[in-house]
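Asks: Using the sequences provided together with the hints, build the complete structure.
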Amino acid sequence: MSPILLVEQVLNGLQSGVMLFLMAAGLTLIFGVMGLINLAHGSLYMIGAFAAAAVAGATGSFALALVAALAAAAAAGALIELLVIRRLYARDHLDQVLATFALILILSEGTRWLFGSFPLYLNMPDALSGTVTLPGGIVYPVYRLALIAVGIAVALGLWWLNTRTRLGIQIRAGENDRQMIAALGVDISRLYTLVFAIGAALAGLAGALVGAIQSVQVGMGEPVLILAFVVIVIGGIGSIKGALIGALLVGLTDTLGGVLLPELFKLFTDPASAAATGSAFASMAIYVLMASVLIWRPTGLFGARP
Amino acid sequence: MADPILATHGLSKAFGALQASDAISLDLRAGEIHAVIGPNGAGKSTLIAQICGALAPDAGLVEFLGRDVTRESTQARAARGLARTFQTSALAMEDTVLQNALLGALGASGRPWRFFSRATQDAALRDRAEAALEAVGLADLSELRTAELSHGQRRQLEVAVALTLEPKAFVMDEPMAGLGQEGSKRLTGFLDGLRVQAPILLVEHDMDAVFALADRISVLVYGKVIATGSVAEIRRDPLVRDAYLGDDA
Amino acid sequence: MSRERLLNGALLLALILIPAWALYADEPFTITLATRAVIFALAAVGLNIALGLGGLVSLGHAVFFGIGGYAMGILASHAQSYTPLIEWPFVIEGTKSMPVIWLVAIVASSGAALLIGLLSLRTSGVYFIMITLAFGQMMYFFAISWPAYGGEDGLSIYVRNGFPGLNTLDPIQFYGLCLALLCLVLAVNARLMRSPFGLALDAARQVPERVRAVGLDPRRLQLVALVISGAITGLAGALFADLNRFVSPTMLSWQMSGEIMVFVIIGGVARLFGPVAGAGIYVLLEHLLGGVSEYWQIFLGLVLLIVVLFGKGGVVGMIGGRRRDG
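Chains as they are written, first to last, in my numbering: chain A, 555 to 860; chain B, 971 to 1219; chain C, 381 to 706.
Some clues are possibly wrong.
Part of the chain C face toward chain B, derived, beta carbon under 10 Å [as the list claims (entries may be wrong)]:
#1 L564
#2 V568
#3 Q586
#4 P588
#5 V591
#6 I608
To be clear, the hints were calculated from the coordinates, so they are not data collected in a lab.
We treat Cβ as the ideally placed atom computed from N, Cα and C, and that holds for glycine.
Replies: This is the structure:
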């Protein structure tokens, strides 16, 4: 395989990694602060994508579409937090799983009812739709580079939020000691709604950004949700840094495995069956990665030691 | 002198800057009650956790029946005959009193892989469980759900479950806690007779009980054993009066 | 006799009487629906052992369901094309015999449960949920991208497999077979709940530190529970594939895992007949609401939400009162 192709695949891996990070960061933040496992996070990803596709379809503006995605996902997040999620903080994980599974059913079928079963398409903005030639002669889509840039910006933004702002201090206090933060006079239920809405907005943003390179359809969120879970298991729950490292590892493993494993199998068997067998095993690569981390460090790379 | 049943040698554990156990060496000999006292935060719970295998020490050894068990799991130590009670009752609240005692008997039997017989109709398990309940005075309540027991009765059940193991040594974490005068007097009487079955390492706040029961007392302050001796010796020890009684009073 | 027992008896009686009613009312489709409910119930009885008794929130039980399904699909497809599964180092032929298929389904799914359990029980709580979900997804994608057995399209077989002495093509006989298996497994489950193992497992769910303190390893108890649980759900998977004469990656999907869990929860977790009630209600809702609206799962979601938020104990809990055992 040529080095150019390899670099291209590494970039693709980074791109899918940073988008996973947007999902995993919200999930891990919500778990860290509220102790909640939220299966409906994938639905918020879907809501972001649908909002973006609808607004882009009506106005033709990608910028407005992104704003709509953020607003719709944050609003949906805040709404389900107020109606359902806040009744779950004191419940066990089983109840959280079931109630948020119920939310998936309601939100997915509700979206299907509103928009139908056919996929929508979200076009990327013209300014970003071309390709650019990178050093070394690699031709690469601008839009995917932009996604990587957005991911890095969000990571930096979260770091800034967490370490440099009042909200970040409250969030970290909430992770450590719930009573303490209430005693400090912070309105804890507002903080929770806010954190949930931020996580939702990140998911919605990811949905809209990825929606421009894939189709926008009901059920698009859950595979990403499960990948984000793999990221969290690898990175360690509650850790934003773990989410970032885990997301990049998963993105790279998935992308490179899909290219390299069929190549590897070509050494042993004919090209056609090598491609089939290789891609079948490549689909398992990230889970093998997860299993290895579990054997080595059951609480993830950056998770709290018990 | 006979070998001790249970001993720690230089047991140390730190949590960040806090030295919770600082080179703790103590032993438990056949037939005795050895009480460990100390102010809150002295590291008593950390010590018990290391002895029973819930927490790995940074350094030092735990010896049980002449064998180094430092790296063994909680369940392996229990299977060797080390029985503990918990400070806050760790009982299956949804189950009956008898079922909790049966669990102990089942653990002692070492044969949990029976899928078709009825646990409550297994004569061997049942005899053992009922004998233990009888011994602590809970025989009449055996069909009650554990959640319906009073606090004091739960403390008794804690001891009963430990009894079902017919252990070689007991480690008891504040068995008198919250019992009230009447209750702790009764339990004191019971533990007094229990030491002939197996020695007891007794971590306890109730000083009346400790002074009434203990053959020896070790005083733990800031993770260190500052004194070990008989009741009379400890009462006299100026270091103890200064560090502990002064602190608490 | 407690109310829960009366309810259990009523459920069982209803299951036995359904074929008679279907014949009398001349609605043969009812038997297919009832067979579906019975098989779902069997899958959920399996999950209930891990979830209700063992406290293991497995969101990956579709793995076992799907493995059972593929055990049927693979063995039967080789039998119908007269090609052996493998020729080296020894020849293994396909088969159309249900007992053999069931055995393979049970062995394969319990093997998968053992592997998944060894990895996922290194952790607990929310990690366990995410890991079981992830391994489920792994099997799903593997089935989609593995071309030998139909990939995304799945595998069809022409004729339902056979059982010695029965005509399995007759819906009533096949239903009876499934119901008999369900009853057998329920009887095993009832014994299990009261056995020494069940006692220890139930305690491991409530107070693992106590179980360790009496010398038992809670994880090992939970691992065995997961293996038994996976085996039963795998058996259900083989039956489900036989009912549809079709198996596809859908049986391995996370939605399937969620649905199996929904059966348990709507019916009542850790109740012997909870999964039976839950699967029955699900199939009924699917049939009735599905006829009214294409978007019936919105209502299912609402029902589930209400059961979770307000109705502890599921249907069996609401009708039968507090859980008793011993």
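Asks: Each of the hints needs a verdict: does it hold here or not?
Replies: Hints and how they fare:
no.	hint	verdict
1	L564	13 Å, violated
2	V568	8 Å, holds
3	Q586	4 Å, holds
4	P588	9 Å, holds
5	V591	7 Å, holds
6	I608	8 Å, holds
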